[in-house]
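Chemist: Residue numbers (our numbering), protein chains in the order written: chain A, 1 to 414; chain B, 1 to 246.
To be clear, the hints were calculated from the coordinates, so they are not data collected in a lab. Quick reminder that beta carbons are idealized off the backbone N, C-alpha and C, glycines included. Treat each hint with caution, since some may be false.
[Stated by the list, open to error] If you want a taste of the chain A side facing chain B, the calculated C-beta under 8 Å gives, among others: (1) L5; (2) T16; (3) N165; (4) H305; (5) R308; (6) D310; (7) I313; (8) M319; (9) R320; (10) E321; (11) I410.
[Claimed, not checked] Only part of the chain A face toward chain B is listed, based on derived beta-carbon distances under 8 Å: (12) S68; (13) T193; (14) I195; (15) S196; (16) K315; (17) G318.
[Unchecked claim] Pairwise CB distance ranges (calculated): (18) B:G115 x A:L341: 54 to 60 Å; (19) B:V12 x A:R19: 45 to 51 Å; (20) A:G286 x B:I19: 46 to 52 Å; (21) B:T178 x A:R399: 40 to 46 Å; (22) B:L75 x A:V404: 18 to 24 Å; (23) B:S226 x A:R19: 18 to 24 Å.
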Amino acid sequence: MTTNLLLSIAWTHVSTRVRQTLVGMFGVAMGVGFTIMMAGLMQGSQIDFLRQLVDTMPHVTVEDERRSVPSQPAEEEYAAVGMSNVPNVSRRPGIKYPDAVMSSLRSWLPGDVAPSVKTTAIVDHGGGRVGVTLTGIDPRLEVRVSKLASQMREGQLTDLSKAANGIIIGQALAEKLAVKNGNTVLLGGGEGTEISATVAGIFRSGLKRVDEGQIYSLISLAQTLMGQSGIINQLRLRLSDPLVAQKVATQVEAQIGYKSVSWQEANSDLLSTFATRDFIVLTVMGAMLLTSSFATYNIISTITHEKRHDIAIMKSLGMREYSVRRIFIIESAMMGSVGILFGWILGYLLCYAWSHITIFNPLTGATVPLQIYYSPMHYIASGAISILCCAVAAFFPARKATRVHPVEIIRGAS
Amino acid sequence: MTEIALQVVGLVRRVQGVISHTLVDGIDLSVEKGEFLAITGPSGSGKSSLLYLLGLLDAPTEGEVIICGQPTSKLSETERADVRLTKCGFVFQFHFLLPEFTALENVLLPMRAYGRMSAKEMNERAMMLLTSLGLGEQTAKRPNQLSGGQRQRVALARALANRPEIIVADEPTGNLDTASTEQVFGILRDIADNGQTVVVVTHDAALAARADRRIHIVDGKIHETSFGVDRKSEIAAATGTVECQP
Chain A
1 MTTNLLLSIA WTHVSTRVRQ TLVGMFGVAM GVGFTIMMAG LMQGSQIDFL RQLVDTMPHV
61 TVEDERRSVP SQPAEEEYAA VGMSNVPNVS RRPGIKYPDA VMSSLRSWLP GDVAPSVKTT
121 AIVDHGGGRV GVTLTGIDPR LEVRVSKLAS QMREGQLTDL SKAANGIIIG QALAEKLAVK
181 NGNTVLLGGG EGTEISATVA GIFRSGLKRV DEGQIYSLIS LAQTLMGQSG IINQLRLRLS
241 DPLVAQKVAT QVEAQIGYKS VSWQEANSDL LSTFATRDFI VLTVMGAMLL TSSFATYNII
301 STITHEKRHD IAIMKSLGMR EYSVRRIFII ESAMMGSVGI LFGWILGYLL CYAWSHITIF
361 NPLTGATVPL QIYYSPMHYI ASGAISILCC AVAAFFPARK ATRVHPVEII RGAS
Chain B
1 MTEIALQVVG LVRRVQGVIS HTLVDGIDLS VEKGEFLAIT GPSGSGKSSL LYLLGLLDAP
61 TEGEVIICGQ PTSKLSETER ADVRLTKCGF VFQFHFLLPE FTALENVLLP MRAYGRMSAK
121 EMNERAMMLL TSLGLGEQTA KRPNQLSGGQ RQRVALARAL ANRPEIIVAD EPTGNLDTAS
181 TEQVFGILRD IADNGQTVVV VTHDAALAAR ADRRIHIVDG KIHETSFGVD RKSEIAAATG
241 TVECQP
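One chain only, chain B, in its complex shape (with noise of 0.2 Å):
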């Protein structure tokens, strides 16, 4: 049997304002441990508003989200970031590196925040995490001295650095030129074979269709769901892997 990473329950996002507007409006889902799901949809549908519910970047106006059997909603803001911390990666469109810092450095930040580890292991660890994703000679340089790719896998590496359950991405290959895109994709491919739950909003139809499963949105509704050719055998033959921690 799979496991559930992630669960949203009659999730709604609705913005107060002068003119209120629905972000998302009543989606369920469920992504299992290991899933890449990519959530495409035209500019406006709600895809980035339902994945910062997801990664508990915001909070829903109404419904739940469960991250690894963890109920979210009573949460405050403070045990949110702590949950964010530890369950959750993020990759943005823009790297969002802090400039000032080597890649290095800005892949230490979510472990020195974390604190659990050893400075020795913390930098082995990143060190590792760059290595592996081909950044080894590029450790010590500062954001603006990396190309764009170059800055989107330091971002991804920082995403990984606390081994959260589930990376969250959006449009992480939007800035992207092809090479880029394909690399970054490719990692993120690898991370969800690994067992960690991806979840990637994307307008990139071609890269949609490599996920394990794919949902439409419009108006802040699930339109259309597919599953990518790949995913379906090994869904088939999956068992209970790997232990989701609470």
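Same shape as in the complex, but just chain A (with noise of 0.2 Å):
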């Protein structure tokens, strides 16, 4: 059977009926459209989100501790022996020989790393006290491993050289404590130290936790409030691509032992609430395509109806039932691909609309864009899933309709 006829065939039906077919298109275009701008909107956000969380955290995190408390020899010798309250057996703090690690790392890893000495420390100011999490950095190294010199707000990362005893903290706890850059604060240690410090600088990640919490100063600054002289118990890794993250740090644990932290994994509990946003997005989204083919499955059974006596006379002039059920499922397609068509412009509009929109934060005061994804896949996949749909949405009607004998019709007619 040629495939030309049912074309024509198929062609003269849907273009007889302007407005049924523009009802049909109107669906397909609304519910592609939708679902593009949906998904741009979701995944900018949950991009936007990720990339604050990746710009501001390491990528990988090597911490001088190990995953599992090391077993005693005794308890390997003898079942018998269990051993409590020993974890801290054969382990002293930091990480041995750094330097060795880190040039070691260097020599495969696709990134960087960076030294650092991690310990906490309260901050006090005028009698507001916060408990923080002090990092000790290497200003120099650490422009290759975090973005925090692009985050800064005031000064510098260099400036922790010039200040005695200079810190950088988070804008939010700047607010929180009323310091300003220049101010002097008191640092206190865990060991009772207590130092004080100079605010060389304010940093702004968007991350209110980070920016609350977290503050840094030169690593001999945290080595001296730990009083840990020459102590390294941090390597952070950037890597050029994020997402090899867990491959990365499994890696690097099998190869220096320590307990290596991806941000996947340090950011765990986050990332399996967006695998579940991600399971309503796409339900919601494949919801609006099935919904939107409805209007196709209407017209084609509209159609279907109207022509039952020439889907009669086709058949009956020898033309097989799949070759006149194919008329109808060609329709469907060549109103669900014009819809698809007008559906992709309109999705892109709303998506060029709606990335103008501003949503304010009454929380951080910050007034931002919404973010839109952009991406190849959401057309293809909403154009390809919608086609399917009505495909389908076409099949069952033209199947009834072409199904029934022409006798019955023809009877019927006389």
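Starting from two chains that each stand alone, build the complex the way the hints lay out.
Modeler: Structure below.
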């Protein structure tokens, strides 16, 4: 059976029913358009959030601890021996030979690594006391592993070395303690040490818990505060591709034995929320596309009903049932494809319009535009699902109509 | 000798339902190539049902329909459709033309469905058929722009498009005025005289009388068979004509 014939019959049916065809196309276009908008919006906000997260955090953090408490030699020898309260036997703080480890990592790492000292401290200013995480960094190496330099609102990373006991604090913390750049605060360390430090810079990462609970200093200051001179207890890695962090972390851990945590692992709770969110979004988008194809279903049902005489005559002339059925599926595909084209345009315009909407966050006081992610995948996927829905939506009424025996129709007509 | 174009043996068509109903009840019949057969009978006698069975539009409950030597009872629905496309041409009481297509496109339809000719050949044949039926000026018109008689002639051209062995017509003149009836019947007569087999259901006794043979159906059975005057001598003189393609 020549496809040309089926196409020309289908085209005639569609083109002589302008209103119905437009309604069908409109339905598909709406479904596709809104799906693209939603996908762009959801993925945009997600990617924006992840970018903030990835920019703020090291991609992999190596710390001077083991993933599990090492077993004791006596336990290995005698099953009956149970040793409690000895988790730190054979463990001394700090990463052994940090320089050697770093140069070994640098030899294969797709990125860079910088040493740091992580400790806790209390920032005391004018009676306000806030517990924070203090990370001692090397400003020259830090630029290679974090975006801290670009997140500076006041001062620069290098100012750490210029000021006496300089520290860099987050904007939120600065506001909380009413500290300004250049002010002096008191830092309290775990060993009872107290050091007077100067605020040499203020940063803003956009993540509240970081801006409020993280401060930076030189490595030496952190070591002094810990009372452990020369110690390096953290290596921070930045990779050219943040998505391979998990793999790299596993590799690093296997190589040097210290616990290596990728940003994904550190935020696994958040990421699992994203997975749930993705699922919800996909369900909603699927439902939208499915619903939009119902218009097609209705129209094909109507056409097949109106055309039952034609179906009977085509069958009686000797056209095969599936050929006749294909006419209506082609019709649906025609409406679908044009609808999808319009849907793509609609989707793009919606995304464009939505990206100009700004949202005011009363907590941070910032006004940020909606983040839209433009991806050809959204267009391809919504188009593919939609055309499939249209074909299925046409298949059932077409099958029903073409199954009818021509004699029933011909008899009914006379 | 003459050749058998269409033969039925022990044909029965029953409709199962709350009340089972026998439409065609054990009919045996042979139709020669080039014969013009008229089937008559009262309403509900089963004459149309018989015609649908002869044209493979319907499948018999029992018995066999042999078209050009090919038994059809074991064919699938698709194979039956293929036989219809190439061996049978249908004309109904209502023209059943596709309303959105022109007369020419309607005549092209079976040829395009068969797909054995080039577009040019198909066009030429469709034009030739329409012209020979006096519709040379109407080819670009849609069915709703044509008169009843013209529509029925377009339907006839469509039935002839694939050069079928058998033309099956169900009350082809049922909706036509006298002049158009005469015209359509004349065309059918010509078709038969050109060697194609024509089977027509009609309740017009005068028309039926002009057929080569007339069978009268009552309650699904052949009640009476009579032969037309013109044809008798021809039958006697007839020799093996053009071969019927199986």
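Chemist: Which numbered conditions among the earlier hints are violated in the structure presented, ordered from lowest to highest?
Modeler: 3, 4, 5, 12, 13, 14, 15, 18, 23
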